[in-house]
Structure formats: structure tokens, C-alpha cells
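Line by line, the protein sequences are chains A and B.
Here UniProt numbering is used: position 135 in the first sequence is 135, and no number is missing along the way.
Here UniProt numbering is used: position 102 in the second sequence is 102, and no number is missing along the way.
It cannot be assumed that every hint is accurate.
Heads up, the list lumps identical chains together, so a pair's fine if it works in one copy or across two of them.
[Unchecked claim] Think about it this way: if two alpha-carbon atoms lie no more than 30 Å apart in a straight line, the pair counts; the simulated DSS-like pairs of lysine-lysine are:
id, residue 1, residue 2
1, Lys107, Lys43
2, Lys78, Lys123
3, Lys12, Lys43
4, Lys107, Lys52
5, Lys153, Lys106
6, Lys52, Lys114
Just so you know, the hints here were simulated from the structure itself, not pulled from any lab data.
There are 2 protein chains.
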Amino acid sequence: MEEEVEKMRKEKRIVVAVDESEESMYALSWCLTNLVSDANKTKSTLILLYVKPPPPLYNSLDAAGYLFANDAVGAMEKYGWDLVNSVMARAEAVYKDFSSIMSVEKKVGTGDAKDVICGAVEKLGADILVMGSHEYGFFKRALLGSVSDHCAKHVKCPVVVVKRPRD
Amino acid sequence: MEEEVEKMRKEKRIVVAVDESEESMYALSWCLTNLVSDANKTKSTLILLYVKPPPPLYNSLDAAGYLFANDAVGAMEKYGWDLVNSVMARAEAVYKDFSSIMSVEKKVGTGDAKDVICGAVEKLGADILVMGSHEYGFFKRALLGSVSDHCAKHVKCPVVVVKRPRD
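Take the sequences, apply the hints, and build the full model.
So, in C-alpha cells, the structure goes:
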């Protein structure tokens with residue numbers, strides 16, 4: 001136990017999954033206030049992880065012959081990256097006051113959010129995963145499953161699920 | 001967002017669900033290292049929550065006429081409280097180095113762990129709930145459900161699910 005505590009003190013790699021939602025920005029600010037602390041003996045690295053949905057199957061749709069001309073594909077690609085940049089810019093505004101006391105990395109993955117996040121946490125050697133929680137109703141949750149549920153179950157490191165308080 | 005961050009800094013009531021498991025003691029030590037920090041501007045209150053299982057239905061079993069004599073009931077009650085005390089004593093050993101920088105409260109509930117924990121978090125005005133995670137196999141999880149899953153879904157405050165790394 002002692003050694004484990006010692007190891008935890010040394011360095012902390014915190015992965016925060018960010019997306020377009022208010023919930024994820026709240027989770028990020030919770031993380032900064034509660035897990036990144038200026039006077040801790042721990043050096044923190046904040047890793048922002050954004051997951052782009054997988055591209056649609058252009059080829060099969062292309063067979064229809066008119067919808068996915070190269071221009072449209074290019075436009076969708078560009079739209080995807082604009083979204084990434086806007087989310088990262090919002091995140092920057094949230095963490096800017098903490099930049100001097102931690103390092104920041106930004107990662108973008110593509111695919112099913114559940115799988116990408118679980119894979120990234122392992123690959124990046126994360127010590128903590130922080131996620132916002134969308135409060136879907138019963139049916140949407142039953143249909144979609146919940147990304148945070150899945151990750152809390154499958155990821156090996158501690159997982160923080162942050163709900164945004166209702167104003 | 002700014003106000004929310006401000007509010008989070010002021011005081012932090014952290015509920016840690018403890019039981020007989022190594023996992024819950026690891027979760028407690030993770031919590032102390034990562035959430036209770038001496039130099040934070042935040043004053044922390046650590047609330048240890050132990051849930052005793054509900055008593056068996058003595059009356060219906062008593063009808064059998066021999067098993068649950070009053071002595072046996074008393075012995076089981078005593079065994080239950082011995083368990084509570086031993087868990088709290090183990091917890092004390094884990095948090096003793098942090099006692100000077102936080103206040104500690106101990107709570108014991110009785111009933112189904114899921115419901116008791118969710119109810120207590122609300123009633124105690126918790127800002128964070130910390131729980132260990134038992135890595136059951138698929139069948140046990142499917143049968144029993146997971147207390148941490150349930151709480152992460154139903155509790156309003158941020159929930160930390162801590163897995164104990166395999167040595």
C-alpha cells in the first residue's frame with residue numbers, strides 16, 4: 001500500500017475526454033480544480049482526448065453515383081477538423097489559468113468513442129480518466145449505451161464520471 | 001463556469017464507501033493522495049460510509065423453531081458490528097497521516113449497498129463519491145449487478161471508481 005501511494009505521488013497523467021458538450025467542459029474544470037493542484041508534490045500532465053466519429057463508408061455510398069463526390073468528402077473532413085479545433089479552443093479557455101503548473105497534450109482519435117477512449121487510456125499510460133456524463137433518458141441510454149459506463153467498467157485506471165449540476 | 005469553479009474550491013465533502021475489501025482500502029488511499037491535498041485552498045471532510053447488509057427475516061426463519069434463537073440473533077448482530085469496527089480500524093490506519101488536514105466522519109447504513117450509498121450521498125451533501133471496484137467476472141457481474149455502476153449512474157455528484165492495480 002505504501003509503495004502504491006508513493007508511486008501515485010510522483011507523476012500524474014490525466015486523460016480528459018472532451019467533446020462538444022457542456023458536460024465535458026464542466027468535467028475538465030472539475031478535474032483542474034480537484035486533481036491538478038499547484039502545491040501537490042505531483043507533476044501533472046493533462047491529456048485532452050477528442051474522438052471523431054468514424055467516416056461513413058464513402059465507397060459503398062459512392063456507388064449511388066452522386067452524393068459523395070470528392071468535394072463533399074473533403075468538406076466533411078474539413079468540418080470534422082473545424083469541430084476538433086473549436087472544442088480544443090474551448091478547452092484552452094477552461095485550462096489556461098492552470099497552464100503554468102502542468103503540461104498539456106492534445107490527442108485526436110477516430111472511431112467508436114468507447115473503444116477509442118479505452119484504447120487511448122492504456123496506450124497513453126493514463127493514471128486517471130475523467131469524463132463528463134450526459135444525462136440521457138432511459139430509452140436513449142438503453143439504445144446507445146453509455147460511453148462513461150463502458151469505460152468505467154473496462155479501463156484499468158481510476159475513472160471519474162462528472163455530472164454537471166443543474167442550474 | 002467561473003462561479004462553479006469558485007464554489008468547488010471552498011469546501012469538499014468526500015464520501016468513501018468502505019467495506020472488507022482490499023479494493024475499498026486502495027480507493028481510500030487513492031482518494032487521500034489525489035483529492036485531499038494539504039496545500040489546496042479547499043477544506044476537506046472525509047466521510048467513511050460502511051453499509052451493513054439488511055438483517056435476515058428472523059421471524060419467518062424463526063418459525064422453523066430452532067435456528068434463530070435470541071442468542072443467535074444477538075451473536076449475528078455483534079458479528080456485524082465487529083466487522084464495522086474492524087473495517088473502520090483498517091481505514092484509520094490508511095488515513096492517519098492525513099488526519100491533521102481534514103475532518104473525518106464515520107457513517108454506518110443498513111440495507112442494499114446500492115440504495116444506501118445513493119441515499120447517503122444525497123443526504124450528506126457529498127461533493128464527491130469514491131468507490132473501489134471489484135473485478136468480478138462476467139457472470140457474477142451479470143447476476144449481482146455492480147454497485148459502482150449503479151451509483152455512477154444515479155448519484156448526482158462526481159463519482160470516482162478506483163480499480164486496484166494487479167501486483
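- Taking 30 Å as the upper bound on the Cα-Cα distance, should Lys107 and Lys43 be classified as within, between, both, or neither? Only inside one copy: Lys107 and Lys43 sit 20 Å apart there, 34 Å across copies, limit 30 Å.
- At most 30 Å between C-alpha atoms: does Lys78 with Lys123 qualify within a copy, between copies, both, or neither? Answer is within; shortest intra-copy Cα gap is 27 Å, inter-copy 48 Å.
- First find the shortest C-alpha distance between Lys52 and Lys114 inside one copy, then the shortest across copies, and answer within, between, both or neither for a cut-off of 30 Å. Close inside one copy (12 Å), not across copies (35 Å); limit 30 Å.
- How would you label the pair Lys153, Lys106 (within, between, both, or neither) given a Cα cut-off of 30 Å? both (24 Å within a copy, 28 Å between copies)
- Is it within, between, both, or neither for Lys12 and Lys43, if the alpha carbons may be no more than 30 Å apart? both (6 Å within a copy, 22 Å between copies)
- Query: Checking Lys107 and Lys52: alpha-carbon separation at most 30 Å within a copy, between copies, both or neither?
  - Reply: Within. Shortest intra-copy distance 11 Å satisfies the 30 Å Cα cut-off; inter-copy 44 Å does not.
Comparing the model with each numbered hint stated earlier shows that all of them hold.
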